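Enquirer: Take a look at the letters that make up each chain.
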Amino acid sequence: MSLLTIRDYRLAFDGYEGTTQVLNGIDLSVDEGEAVGIVGETGCGKSVLARSLLRLNPEPPARIVSGSIHFAGDDVLQMQGAALRRLRGSGIGMVFQDPATYLNPVFTIGRQLEDVLRAHGHRRGIADRSVALLESVQLRDAAALLRRYPHELSGGMRQRVLIAQALAGNPRLLVADEPTTALDVTVQRQVLALIADLVTRLRLTLLLISHDLGVIGALCRRVVVMYAGTIIEDAPIAELLAAPRHPYTRGLLAAVPDLDRPDRLPRGIPGSIPSLRYPPSGCRFHPRCPLVMPLCRSEPPPLAGDRASDPAGDPDGNDADAPSRPSHRVACHAA
Amino acid sequence: MTALLAAEAVVVRFGTHRAVDNVDLVLRDGEALGLVGESGSGKTTMLRLFLRLVDATEGRVLFAGKDITHARDADLRALRRQVQVVFQNPHAALDPRMSVFAAVAEPLRLLGGRSRAALRDQVAALLTDVGLGTEFMARYPHELSGGQKQRVCIARALAPQPRVLLLDEPTSALDVSVQAQIIELLAALRARHGLAYLFVSHNLAVVRLLCERAAVMQNGRIVEQGAAAQVLAEPRHPYTRALLDSVLRVPAT
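Protein sequence lines, in the order shown, are assigned to chains A and B.
First residue of the first sequence? That's 1 in our numbering, and the numbers climb one at a time after it.
First residue of the second sequence? That's 1 in our numbering, and the numbers climb one at a time after it.
Since the hints were made in silico from the structure, they are not lab data.
Owing to the predicted nature of the structure, the values given are computational and were not obtained by experimental measurement.
Please note that the accuracy of each hint is not assured.
Far from chain B by the CB rule (all over 10 Å, computed), these chain A residues [as the list claims (entries may be wrong)]:
| hint | residue |
| --- | --- |
| 1 | Pro105 |
| 2 | Arg172 |
| 3 | Leu252 |
| 4 | Arg267 |
Label-pair distances were calculated between CB atoms; the ranges are [said to hold, decoys possible]:
| hint | chain 1 | residue 1 | chain 2 | residue 2 | range |
| --- | --- | --- | --- | --- | --- |
| 5 | B | Ala92 | A | Ala243 | 53 to 63 Å |
| 6 | A | Thr19 | B | Pro238 | 53 to 63 Å |
| 7 | A | Pro294 | B | Asp29 | 32 to 42 Å |
| 8 | B | Glu143 | A | Pro294 | 49 to 59 Å |
| 9 | A | Gly15 | B | Asp75 | 28 to 38 Å |
| 10 | A | Arg264 | B | Asp245 | 15 to 25 Å |
| 11 | A | Leu265 | B | Asp29 | 49 to 59 Å |
| 12 | B | Asp55 | A | Arg277 | 44 to 54 Å |
Here chain B is said to cover these stretches of chain A; the calculated rule only asks that three of the stretch's residues, wherever they fall, bring their Cβ under 8 Å from a Cβ of chain B [said to hold, decoys possible]:
| hint | segment |
| --- | --- |
| 13 | 215-226 |
| 14 | 257-264 |
No residue lacks a Cβ here, since even glycine has one placed at the ideal position from N, Cα and C.
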């Protein structure tokens with residue numbers, strides 16, 4: 001059962017110097033209970049997409065050009081007022097990248113948790129609920145922590161507080177946008193373990209945005225690759241790593257230095273990320289693509305899929321529980 | 001190989017906090033030394049110490065055998081001609097009002113004694129060296145991508161023909177596809193010019209690629225150092241092991 005369905009979603013930003021097409025026809029479904037990673041480089045639109053799910057991109061300058069986003073059957077793009085407030089936090093909880101900037105330095109942790117709980121309609125037992133929330137993210141001495149200010153906490157603790165806030169409204173979907181990028185590796189590992197634990201315990205659906213396939217691999221079994229405002233590949237992570245089909249995905253994998261293979265020099269992708277104000281015609285990757293054909297310059301490739309991991313000639317003829325949508329999709333004329 | 005930069009029993013104290021706590025570290029001529037550790041471990045303070053941007057509270061700092069712990073004025077200028085730096089965030093390291101030409105020419109201008117034509121030729125050569133065409137000379141930082149800005153920063157650092165580059169997380173602010181380009185460039189430049197690198201990074205894989213030796217810092221102390229291949233493959237110190245275990249591999253295929 002699909003919890004989140006995005007169809008042909010296009011988002012533009014209007015500015016003094018013209019219009020920037022930031023998301024260009026996003027098609028994505030996420031099933032209840034799935035953990036999906038979105039990977040891509042700076043400016044590919046992954047954070048804007050994440051914020052779109054909660055309508056957090058200020059409109060204007062953001063403008064929805066076309067498409068639809070449905071969460072649990074409700075049309076997110078039509079929501080206003082109370083419905084939108086219910087969606088935010090109770091339907092979808094969000095954790096952002098930099099825990100230092102998302103907490104207010106002049107209020108205690110307790111006050112900031114109270115604000116969130118009150119926004120979700122709680123009036124009584126707030127202190128107890130706050131303590132329970134902090135304990136659910138494995139923070140010790142929760143009662144004492146309520147009286148602390150953000151600067152008295154380490155980066156890892158602050159991120160745990162933000163996760164607690166995101167969970168305060170009992171959301172079904174947790175969106176985590178680079179939740180560990182600002183943290184040291186040893187702390188990153190702990191925070192990822194916490195998210196994994198919460199996802200299992202609270203039966204959350206997870207959308208994890210990261211530039212780091214290692215982070216996504218730690219929590220997700222499916223990964224979506226974005227480039228310049230489009231989804232260019234969507235596959236089970238094991239399959240994506242073993243047999244990437246899009247030339248950009250292959251380039252991205254070849255660019256990651258591997259600690260265990262120091263003999264293998266990472267190779268960069270020639271050129272740089274295109275401007276979204278003047279995106280390349282056709283396939284947006286074509287100016288950097290080693291496999292470019294004339295068709296690529298004129299025609300944007302559709303995100304098409306086949307059932308790569310669901311062989312038609314399955315000897316057992318066992319396709320009763322085959323996925324209802326393709327398990328490996330790629331947007332490339334050459335693939 | 002002789003010691004080019006050396007710290008001897010150095011302590012750097014900020015108030016009561018010992019950011020660097022009795023460190024001995026040697027960078028030999030022509031070698032690449034990776035300095036790894038988490039935030040707050042003191043690795044950037046070490047780099048700033050060698051630049052003389054912070055002062056040692058105790059101990060000595062040497063360059064080519066000469067005590068520079070308290071060097072001033074002319075001695076300090078001579079030092080900085082030999083020891084140049086590339087910072088983490090290229091977006092913040094370039095003056096938005098200076099063209100690429102002005103940014104790369106500035107250190108040359110400060111050295112003096114160049115005609116306008118010579119200056120132009122030299123900047124052109126430096127830009128070519130870092131893989132940028134001469135058409136970049138007239139551009140301003142806002143017209144450049146992150147990778148291009150970092151190349152300009154590297155060209156500017158190379159301008160006085162230093163013997164040492166101090167690199168403070170030079171690829172951490174960049175996307176992976178661009179990071180790989182800068183890694184390739186740094187490896188090529190070292191081979192071409194025989195530079196020594198002090199490479200400060202939390203990215204162990206990048207250190208493993210670029211450096212012959214590695215030193216691991218924790219709480220202001222160096223807890224392990226040795227050949228990069230050994231330290232980062234068969235660590236002896238539990239902290240190094242914990243660091244290595246925390247690195248998330250792209251799942252094996």
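Enquirer: Is the hinted range of 15 to 25 Å satisfied by the C-beta distance from Arg264/A to Asp245/B?
Expert: 21 Å, holds
Enquirer: Please test the hint of 53 to 63 Å on the beta carbon pair from Ala92/B and Ala243/A.
Expert: 40 Å, violated
Enquirer: Determine whether the Cβ-Cβ distance between Leu265/A and Asp29/B falls within the hinted range of 49 to 59 Å.
Expert: At 24 Å between Cβs, range violated.
Enquirer: Count residues of the segment 257-264 of chain A with a Cβ under 8 Å from any Cβ of chain B, then say if the count reaches three.
Expert: holds (count 5)
Enquirer: Hey, is Leu252/A genuinely clear of chain B, shortest beta carbon separation above 10 Å?
Expert: 6 Å, violated
Enquirer: Within the assertion that chain B covers the segment 215-226 of chain A, do at least three residues meet a Cβ-to-Cβ distance smaller than 8 Å?
Expert: With 3 residues close enough to chain B, the hint holds.
Enquirer: Would you say the C-beta atoms of Glu143/B and Pro294/A sit inside 49 to 59 Å of each other?
Expert: 30 Å, violated
Enquirer: Far enough from chain B: is every CB of that chain over 10 Å from the CB of Arg267/A?
Expert: The assertion about Arg267/A is violated, with a minimum of 6 Å to chain B.
Enquirer: Taking the closest pair, is the beta carbon of Arg172/A still more than 10 Å from chain B?
Expert: 27 Å, holds
Enquirer: Given the hint of 44 to 54 Å, check if Asp55/B and Arg277/A actually sit that far apart at their C-beta atoms.
Expert: 48 Å, holds
Enquirer: CB of Thr19/A to CB of Pro238/B, is that within 53 to 63 Å?
Expert: Since Thr19/A and Pro238/B have Cβ atoms about 55 Å apart, the given range 53 to 63 Å holds.
Enquirer: Gly15/A and Asp75/B, beta-carbon distance inside 28 to 38 Å?
Expert: Between Gly15/A and Asp75/B, where Cβ atoms are some 51 Å apart, the hint is violated.
Hints 3, 4, 5, 7, 8, 9 and 11 from the earlier list are contradicted by this structure; the remaining hints agree with it.
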